[in-house]
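K.L.:
Model the placement of chain C on the given structure of chain D, informed by the hints.
Taken in sequence, the protein lines are chains D and C.
Taking UniProt numbering, I'd label the letters of the first sequence as residues 1 to 489.
Taking UniProt numbering, I'd label the letters of the second sequence as residues 1 to 489.
I should point out that these hints are in silico values taken from the structure, not numbers from a laboratory.
No experiment lies behind these values; they were computed from the predicted model shown.
Do not take every clue at face value.
Identical copies go unnamed one by one, so any copy, or any two together, can satisfy a pair.
To be verified - As a list, the in silico DSS-like pairs of lysine-lysine whose alpha-carbon atoms are at most 27 Å apart:
#1 K329 <-> K182
#2 K341 <-> K396
#3 K336 <-> K376
#4 K379 <-> K397
#5 K302 <-> K379
There are 2 protein chains.
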Amino acid sequence: MRKQKKEKNLGVTPRSQDFSKWYLDVIDAAELADYGPVRGTMIIRPYGYAIWEFIQSWLDAKFKETGHSNMYFPQLIPYSFIEKEASHVEGFSPELALVTVGGGKELEESLVLRPTSETIVNHMFAQWIQSYRDLPLLVNQWANVTRWEMRTRPFVRTLEFLWQEGHTAHCTPEEAEEEAMKMIHVYHSFAVEEAAMPVVVGRKSRAETFAGAVCTYTIEAMMGDRRALQAGTSHNLGQNFARAFGTQYTDEKGELQFVWQTSWGMSTRMVGGIIMTHGDDTGLLLPPRVAPIQVVVVPIWKKDEQKEGVMAAASRVVGALKSIGIRVKLDATEQKTPGWKFNFWEMKGVPIRIEIGPRDVAENVVVVARRDIPGKEGKEFGVPMEEGPLQEYVMKKLEEIQQSLLERATTFRESNILDVKSYEELKGAIAEGKWARGPWAGTDADEAQVKDETGATIRCFPFEQPPHSHVCLKTSKQASEVAIFAKSY
Amino acid sequence: MRKQKKEKNLGVTPRSQDFSKWYLDVIDAAELADYGPVRGTMIIRPYGYAIWEFIQSWLDAKFKETGHSNMYFPQLIPYSFIEKEASHVEGFSPELALVTVGGGKELEESLVLRPTSETIVNHMFAQWIQSYRDLPLLVNQWANVTRWEMRTRPFVRTLEFLWQEGHTAHCTPEEAEEEAMKMIHVYHSFAVEEAAMPVVVGRKSRAETFAGAVCTYTIEAMMGDRRALQAGTSHNLGQNFARAFGTQYTDEKGELQFVWQTSWGMSTRMVGGIIMTHGDDTGLLLPPRVAPIQVVVVPIWKKDEQKEGVMAAASRVVGALKSIGIRVKLDATEQKTPGWKFNFWEMKGVPIRIEIGPRDVAENVVVVARRDIPGKEGKEFGVPMEEGPLQEYVMKKLEEIQQSLLERATTFRESNILDVKSYEELKGAIAEGKWARGPWAGTDADEAQVKDETGATIRCFPFEQPPHSHVCLKTSKQASEVAIFAKSY
Chain D
1 MRKQKKEKNL
11 GVTPRSQDFS
21 KWYLDVIDAA
31 ELADYGPVRG
41 TMIIRPYGYA
51 IWEFIQSWLD
61 AKFKETGHSN
71 MYFPQLIPYS
81 FIEKEASHVE
91 GFSPELALVT
101 VGGGKELEES
111 LVLRPTSETI
121 VNHMFAQWIQ
131 SYRDLPLLVN
141 QWANVTRWEM
151 RTRPFVRTLE
161 FLWQEGHTAH
171 CTPEEAEEEA
181 MKMIHVYHSF
191 AVEEAAMPVV
201 VGRKSRAETF
211 AGAVCTYTIE
221 AMMGDRRALQ
231 AGTSHNLGQN
241 FARAFGTQYT
251 DEKGELQFVW
261 QTSWGMSTRM
271 VGGIIMTHGD
281 DTGLLLPPRV
291 APIQVVVVPI
301 WKKDEQKEGV
311 MAAASRVVGA
321 LKSIGIRVKL
331 DATEQKTPGW
341 KFNFWEMKGV
351 PIRIEIGPRD
361 VAENVVVVAR
371 RDIPGKEGKE
381 FGVPMEEGPL
391 QEYVMKKLEE
401 IQQSLLERAT
411 TFRESNILDV
421 KSYEELKGAI
431 AEGKWARGPW
441 AGTDADEAQV
451 KDETGATIRC
461 FPFEQPPHSH
471 VCLKTSKQAS
481 EVAIFAKSY
Chain C
1 MRKQKKEKNL
11 GVTPRSQDFS
21 KWYLDVIDAA
31 ELADYGPVRG
41 TMIIRPYGYA
51 IWEFIQSWLD
61 AKFKETGHSN
71 MYFPQLIPYS
81 FIEKEASHVE
91 GFSPELALVT
101 VGGGKELEES
111 LVLRPTSETI
121 VNHMFAQWIQ
131 SYRDLPLLVN
141 QWANVTRWEM
151 RTRPFVRTLE
161 FLWQEGHTAH
171 CTPEEAEEEA
181 MKMIHVYHSF
191 AVEEAAMPVV
201 VGRKSRAETF
211 AGAVCTYTIE
221 AMMGDRRALQ
231 AGTSHNLGQN
241 FARAFGTQYT
251 DEKGELQFVW
261 QTSWGMSTRM
271 VGGIIMTHGD
281 DTGLLLPPRV
291 APIQVVVVPI
301 WKKDEQKEGV
311 MAAASRVVGA
321 LKSIGIRVKL
331 DATEQKTPGW
341 KFNFWEMKGV
351 PIRIEIGPRD
361 VAENVVVVAR
371 RDIPGKEGKE
381 FGVPMEEGPL
391 QEYVMKKLEE
401 IQQSLLERAT
411 TFRESNILDV
421 KSYEELKGAI
431 AEGKWARGPW
441 AGTDADEAQV
451 KDETGATIRC
461 FPFEQPPHSH
471 VCLKTSKQAS
481 EVAIFAKSY
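Just chain D, same shape as in the assembly (with noise of 0.2 Å):
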């Protein structure tokens, strides 16, 4: 076993030697995704969009829950959409995607891929939208995006991703508000219930903020290498695009009234940060709750005689787990050794492996390992094989794996918060690779000059706050808030 362990790890640079090697290494041995033809494209492979459909199906079930319905808008949009909204254009035109050519024709108008939807659900909500009994107006919809990136990492920044994009309208601004923070808090259940992935949930800074924006929340959660991912974001729109596109609507009096709107996405990133949160050495390592795999049943047998009762074993173990919905799965190759399968299985990241061989069958019982708590310590034996008691110490099992994953992970990230109190103090944390959280007050250029001498940007201000306010670390100014600077994805 320890030889063809070694031979795996051939495979899978260890995170601790090279943590962005270990990144684009665990993503093709896992067979995650690989790269498309075109610079920057990705292909999702089926182990790496089965994660992509847990997270679909949850974050659906939640939309429909809170009164959204699904619907689909164009990619097409027409080149003068983009430029209605003054920040939007200049946030997103760098970035853009352009058809000029349709069925062997030059087009009059350049068409852009979508960058994200504002504009044209704009567009269509202006004419939908009468009175004020039609809203608020909740919709989603799920699509792939395109942004012209030129620094490209998969599943972190692809020129083409998966997301699901919100879009509402309201006819208040504290209705626009009241939606936005409650689905930043979805954002903010999946992530840390779901994922085991703790997040800070906070405003992000003016210069951060989504272009087109009144107000961007954010979920950011702290990778293994501490660069902060932004793995969620919810906009409070106010009326700017309303205005731009003349999105108007009747109220009680008769009055015209713009509306008050939100947006907000999570994307395929997120597979990318449940990698980057919880892998190691091995390679991936997946909380439970979006393993595609959460179990592999693994029979071993050396004499041939020995085969047909563990095989019979085998089979009703992952009867057994199936029955109760746990995603089991049977590796029973005879072109592969038992040592081969367990470094594979460790390697894609499956919650725990269950050995089966002739003598647990003798006695009754199988072998458990977690597979985040690696050797021995993290190996049981004697678990009773017996229907029930098996399907009760697995669920068991699975839910401690789960929380253990979220409480390591939590751990991890306070051991690498810094609080700071002056620029000198920030500038080490970042120097040492750490985020930084501190008051501050300053501008806009403060923040640019913090970003250009350290490479750290405001994460966000998390929406927990100390109780007293403090003095801006960088133009001693009073604070109001602390906010939290990292090196980022």
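P.N.:
Here is chain C on its own, set in the frame of chain D:
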């Protein structure tokens, strides 16, 4: 009520009067879709999208049951890929949309928005497939595709549409053929069992075969105006793409072989097919299994003191039906009269309406109206309101409506297919607006002539063939098969 019905009809042109206008009116009035700002593009609105979501979830489950995994390929394809398979480029190049500018710069090579993904799929399969152990490779993706069509119609033919495309690779031609057949039968099952849409399953003529395929199987449905709609296709690709892209595997003897492939797709066009199969003068008529709302409950009261009792009863009825998984809507708005609501939900095609008035409450009964049988005949009074009996009654009634719609559509279709023995008879049938079924052994040129002279094409050679061979209706040669000719969408 009569008056309001009349008002409502102002919105929807009767189907019997102008089918094409009726179709567009229904899509507008029922809020199924709207026109995008770019010519030929469509917004799928929540009510239409909910039908698509049902199609997705049904097919997705079937694809997984039959061993396919979902994944995602980029939509941007290098132009050179399209040119690699000779008949593919011939078929698709007139319909391509090209991205020529990205991130503000002219691209060196134009990129194609996928019109279908065989080329990029093979580019990747060639990298992933090494040995016979990697086969069969069975994948599917849910995606948008772009085809620069000149004549568009919502759902039926749009510049961009949503679909799934399955792509598989196999060791032998027999396996590929079996797969292509299996998947056309999945589409067949969906059409008949879920959409209550009788379809003819068959093989396309060479002229109508997918660009790059060896053989195309199709399901062909008859719309309410008797035009044919190709509602799903499955292609046996042979080794055409494998040879163009070098998609090879090492067989058990260690020799390099090209894979045998299939691809198959069903799209948002199916939503158009459902509308045009079942709709009537009143508007949309949805088969219960695909209806986003299966039952609408309309509480009716005149005096304020009646409201509480009626509303309480309506809520109980809604709860009882929801609890057994029926998709039910309570329409309790006070801004509209019951008569207006009846007409509105009839136009929206909801299969069952339940009316509850004060007298019903007193007698512990409800009134049930079937959408598919207009007027008093479709109305049943005194249906027990008690939970168990009501649940049973509604379940049974939904099933009855489902079956009844399938029978009605089947009868309509059968009475509109004429068996023809000569070209004159064929011309007569087509001139009458019907489908013609007759023995065919003509060439591509003969087929083209029929199209020129009658406007009809060979929809398919049905799998169900008459027992004896006949004389070709056009060439008088011996024909081993009958073909179906029709005008189509």
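K.L.:
Now tell me if each hint is right for this structure.
P.N.:
So, going through the hints one by one against the coordinates:
no., hint, in the structure
1, K329 <-> K182, "between (37 Å within a copy, 25 Å between copies)"
2, K341 <-> K396, "within (24 Å within a copy, 51 Å between copies)"
3, K336 <-> K376, "within (22 Å within a copy, 70 Å between copies)"
4, K379 <-> K397, "within (12 Å within a copy, 56 Å between copies)"
5, K302 <-> K379, "within (21 Å within a copy, 71 Å between copies)"
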